[in-house]
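K.L.:
Sequence:
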Amino acid sequence: MASISSVTVNCSKCSGSHEVSIYNSINVAQDPELKESVKTGAIFIWECPHCGSINLIKYPCLYHDPDTKFMVWLLPEGSISEDKVALLSSQLEGLDGYTLRRVTDVGNLIEKVNILDSNLDDRIIEMCKYVTKLELAEKLGKNKASMIFEAPFKFYKMAGPDNDIFFSYPCDGKMEGVNIGFNVYEDCRGIVSRNQETTAVKGFATVDQDWISSIMR
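Using the numbering used here, you'd call the opening residue of the sequence shown number 842 and step up by one each time.
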């Protein structure tokens, strides 16, 4: 069952205090209804009873899907000591076939769950983003190249008869979208499988654009 506790929070608008429930850990095999609440971000949002404002609450949460052997740990910056992260990582590394990931915000948690639900590998998705950025930068020219590479690309769905993969990203103050064919994913799968740094991912690893950039530079 999910591990739940209560904390007192203050509204970002009126500063009124209110007690809300938070999920320290979620097992979606035991509580399948919580998966959708994670994917929409609903479990991280509360409405102020004083002024009606909607607030985002940041807290550590361990998402566990035992059917697919996947754990992702939402750890806002400074929320838990690195020693505790290392300890739990070492305890879980021996779990057969498990993928362990670490993210710092709700948006990245949602993306990881969406990737998992699409039966995709997040390492390969990050490689796809990197390749797509290279192609976009070449098309858009030098003036926008740095903006493209710094933009946080997000996977949000795989759709269509050919399993096209869709990314969104901010550009010039608005959200843009780009999709790639599944053949790109297959090509990137080959790159990842041949690269020792991308396959040697241990513990609650952070797999994001900084991770792939450090490998491909």
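What the hints contain is simulated information worked out from the structure, not anything from laboratory work. Glycine included, every Cβ here is placed at the ideal spot set by N, Cα and C. One or more of the hints may lead you astray.
The calculated EDC-like cross-link candidates involving lysine to aspartate or glutamate, where the alpha carbons are at most 16 Å apart (straight line), are [to be verified]:
| no. | residue 1 | residue 2 |
| --- | --- | --- |
| 1 | K899 | D937 |
| 2 | K880 | D924 |
| 3 | K995 | E1038 |
| 4 | K876 | D958 |
| 5 | K910 | E991 |
| 6 | K980 | E1017 |
| 7 | K1015 | E991 |
| 8 | K1043 | E923 |
| 9 | K880 | D906 |
| 10 | K854 | D906 |
| 11 | K995 | E979 |
| 12 | K985 | D1013 |
| 13 | K998 | D1051 |
| 14 | K1043 | D962 |
| 15 | K998 | D1013 |
| 16 | K910 | D946 |
| 17 | K985 | D1003 |
| 18 | K899 | E918 |
| 19 | K880 | D1005 |
| 20 | K995 | D946 |
| 21 | K995 | D1051 |
Beta-carbon label-pair distances, calculated as ranges [as the list claims (entries may be wrong)]:
| no. | residue 1 | residue 2 | range |
| --- | --- | --- | --- |
| 22 | T849 | Q1037 | 28 to 36 Å |
| 23 | I921 | S847 | 31 to 39 Å |
| 24 | P907 | S847 | 25 to 33 Å |
| 25 | K980 | C855 | 42 to 50 Å |
| 26 | R1030 | E874 | 41 to 49 Å |
| 27 | T1047 | C1012 | 34 to 42 Å |
| 28 | A927 | Q871 | 46 to 54 Å |
K.L.:
Which of the numbered hints are not met once you compare them with the structure shown?
P.N.:
Hints 1, 2, 3, 5, 10, 11, 13, 15, 16, 17, 19, 22, 23, 26, 27 and 28 not satisfied by this model.
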